[in-house]
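Colleague: Input sequences plus hints: build the corresponding full structure.
These are the residues of each chain, in order.
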Amino acid sequence: MSGTFIGMPSFPEAARDAVRDTTLRGNLRHATHTIRAKRAGAVAELDDWAQLREAGKQIKDRTLRHLDTHLEQVERAVTAAGGTVHWAADADEANRIVTDLVKATGETEVVKVKSMATQEIGLNAALEEAGIRAYETDLAELIVQLGDDLPSHILVPAIHRNRGEIRDIFRDNMADWGRPAPDGLTDRPADLAEAARLHLREKFLRAKVGISGANFMVAETGTLVVVESEGNGRMCLTLPETLISVVGIEKVVPTWRDLEVFLQLLPRSSTAERMNPYTTMWTGTTDGDGPRAFHLVLLDNGRTDTLADEVGRQALRCIRCSACLNVCPVYERAGGHAYGSAYPGPIGAILTPQLRGTATELDASLPYASSLCGACYEVCPVAIDIPEVLVHLREKVADQGGRGHRLERAAMRAATWLLDHPAALTAGERLASRTRKLHPRRLPGPGVREWTNSRDLPELPAEPFRDWWKKNHE
Amino acid sequence: MTSASSARDRVLGRVRRALADAPEAPEVTRDYLVSHTPDDPATVLDLLHENLADYRAGVHRSTRQHLPALIGELLTGHGARTVVVPPGLPGDWLAGSDARLRHDDGHLTPAELDSADAVVTGCALAVAETGTVVLDAGPGQGRRALTLIPDLHICVVDVAGQVVASLPQALPRLDPTRPTTWISGPSATSDIELDRVEGVHGPRTLEVVLVVE
Chain S
1 MSGTFIGMPS FPEAARDAVR DTTLRGNLRH ATHTIRAKRA GAVAELDDWA QLREAGKQIK
61 DRTLRHLDTH LEQVERAVTA AGGTVHWAAD ADEANRIVTD LVKATGETEV VKVKSMATQE
121 IGLNAALEEA GIRAYETDLA ELIVQLGDDL PSHILVPAIH RNRGEIRDIF RDNMADWGRP
181 APDGLTDRPA DLAEAARLHL REKFLRAKVG ISGANFMVAE TGTLVVVESE GNGRMCLTLP
241 ETLISVVGIE KVVPTWRDLE VFLQLLPRSS TAERMNPYTT MWTGTTDGDG PRAFHLVLLD
301 NGRTDTLADE VGRQALRCIR CSACLNVCPV YERAGGHAYG SAYPGPIGAI LTPQLRGTAT
361 ELDASLPYAS SLCGACYEVC PVAIDIPEVL VHLREKVADQ GGRGHRLERA AMRAATWLLD
421 HPAALTAGER LASRTRKLHP RRLPGPGVRE WTNSRDLPEL PAEPFRDWWK KNHE
Chain X
475 MTSASSARDR VLGRVRRALA DAPEAPEVTR DYLVSHTPDD PATVLDLLHE NLADYRAGVH
535 RSTRQHLPAL IGELLTGHGA RTVVVPPGLP GDWLAGSDAR LRHDDGHLTP AELDSADAVV
595 TGCALAVAET GTVVLDAGPG QGRRALTLIP DLHICVVDVA GQVVASLPQA LPRLDPTRPT
655 TWISGPSATS DIELDRVEGV HGPRTLEVVL VVE
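Quick mapping for you: the protein sequence lines, in order, are chains S and X. Read in order, the letters of the first sequence are residues 1 to 474 in the numbering used here. Read in order, the letters of the second sequence are residues 475 to 687 in the numbering used here.
It should be emphasised that the hints constitute simulated quantities derived from the structure, not laboratory data. Treat the hints with caution; some may be incorrect.
Which residues of chain X face chain S? A partial, calculated answer using Cβ under 8 Å [said to hold, decoys possible]:
| no. | residue |
| --- | --- |
| 1 | R484 |
| 2 | P515 |
| 3 | A611 |
| 4 | G612 |
| 5 | L641 |
| 6 | I666 |
Here are a few chain S residues that face chain X, going by a calculated C-beta distance under 7 Å [said to hold, decoys possible]:
| no. | residue |
| --- | --- |
| 7 | L185 |
| 8 | T223 |
| 9 | R274 |
| 10 | T280 |
No residue lacks a Cβ here, since even glycine has one placed at the ideal position from N, Cα and C.
Modeller: Spelled out as structure tokens, the structure:
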């Protein structure tokens, strides 16, 4: 089985190891820079991007404001179309529902479409405990599963692996899971994709149960939408007799028409394409076409806690495009694993501590995994003000106490006092300038040492700005 | 059902408590464009052609009269000897091909579909700005598996009645109760170093024929 995020160290500890891994940093830099430029081009093609972004934000906000109504509506519509709707308050409930549904079919293996929700709840591990083998079919998820690894990116879970590493993983591990890799497999991406095609083909053709998430579910019609590239999604959504979709309650959109906004925003933000190769839309079950049984599992698992926070609830607008990861200087250097959850990068830094709370050291450290540069907000297709939520969550973490946070609060109080007393500030600045040769590069002392361990102190100028201004402008 | 209905009540109850003090959200402003393309059929068709080709679909223009010959050439050119035929496909479309035809009566198994080389279908709609053909399991398209498993998909677009410029023009013309597949180029992946590679699980070759009168 793939690993688990549980019990991982706090972000700064995990990130320290990651930034020393030069292969990892090279892989991430190459991949994120490739997609950044392409995304900017795809977005620039649409003159009304700003209006689409605003409409996407408003649709999501309005949906969240009336979420109970829309959830009841989607439940009615899916049921009327022949589907069965289940509700899961947390990960355990969702895992139990899915496991029982699979057991009821008598099957011991399932094929899976890449799904953030099932990553979040640890479904594969729960299925394995029940003796059910879950085959990941997305190429990157396959790389992660075969490598007994963890996902490190929302869109491309194996972004931390380069082609050579992927070749080795396929060559060494495919045979343990089914059809072995072809002899003499090269590291050409086309050959690697072909190896995945051959490996998974037999699994698709015999699959009786498919498990997916969904990008959107339309309340008025009960339609579910899965956006993908490879065709593994179509395989899992079409060929099995039973389909189980685990979907976060925030994925609902009110109307069919709303898709005209999100199907423009998502592919361009995500893979920098005008449209992704395949999108499947289905409503309940259809005689003679696709699965005969369809189960929708509506998942809360911390979403209602997030919804209750007036600043933090905007994180529920997220459509999982991963543009914020690709532009983030912290993500680029620290990698996805350091965030310790299925949701890495800037969105993970605000989503994970809200979904899971901030009781653990890891989750409490996530709101600090940012330089607040704001690039994530700029690219977000639904205008989530990630820096605003980060600062808000930092306040909450600081309020819950802990040594480092008490020191930070003391420092902030001192700074506030200084800024309120200009004479003291001026005197302090002059003193600092005149003694700058004596300043250390690192500061000693509890709390402060940790702060400067990962930062160089800025050099002070020869004279305070206010003195320079006075001299030159009077 | 006791525990299931109580989970439902718990989730909905939490949603309502979370929103108890939330301010009303503004109505959605839809001031984005209905289309990004001049309202001229020839321009829209050229854009569709260009965008399909940009994502590595083969694109061909044909008259209705020449269509059977073109489909025959495409099948032969790809070495396709067995062709899946969805119910309702116009009878003459395959008149120019000597490939073996497998008419789907709903009973072809995935393994049987896997042994076929190609499938020929119509479509419900094509979207120029995104280079997309949309199938909705209507006549001449068949169930979703037919266009998924064979490695070559030849899709015929009736330019006069099936081409729209944009997504806002496409959605009102589709029926949400039908299973719908949006296809933009052949199967692809960006999973290796975020670089696009064509050809994974879906048909590795997509040939789109634009039929103009």
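Colleague: Each hint: holds or not?
Modeller: Status of each hint after checking the structure:
The restraint placing R484 of chain X at the interface with chain S holds, with a minimum CB-CB distance near 5 Å, inside the 8 Å limit. Contact between P515 of chain X and chain S, as hinted, is not supported at the beta carbon level, the nearest pair being about 20 Å apart and thus beyond 8 Å. This hint holds: A611 of chain X has a C-beta 6 Å from the nearest C-beta of chain S, less than the 8 Å allowed. Using the Cβ-Cβ criterion of 8 Å, the hint placing G612 of chain X at the interface with chain S is not satisfied: the shortest such distance is roughly 11 Å.
With 8 Å as the threshold, the beta carbon of L641 of chain X comes within range of chain S, its nearest partner Cβ sitting at about 5 Å, so the hint holds. Checking I666 of chain X against chain S by beta carbon gives a least distance of about 4 Å; that is within 8 Å, so the hint holds. Annotation: interface hint on L185 of chain S violated; nearest CB of chain X at approximately 13 Å, more than 7 Å. The beta carbon of T223 of chain S comes within 5 Å of a beta carbon in chain X, closer than 7 Å, and the hint placing it at the interface holds.
The restraint placing R274 of chain S at the interface with chain X holds, with a minimum CB-CB distance near 5 Å, inside the 7 Å limit. Proximity of T280 of chain S to chain X holds as hinted, the smallest CB-CB distance being about 6 Å (cut-off 7 Å).
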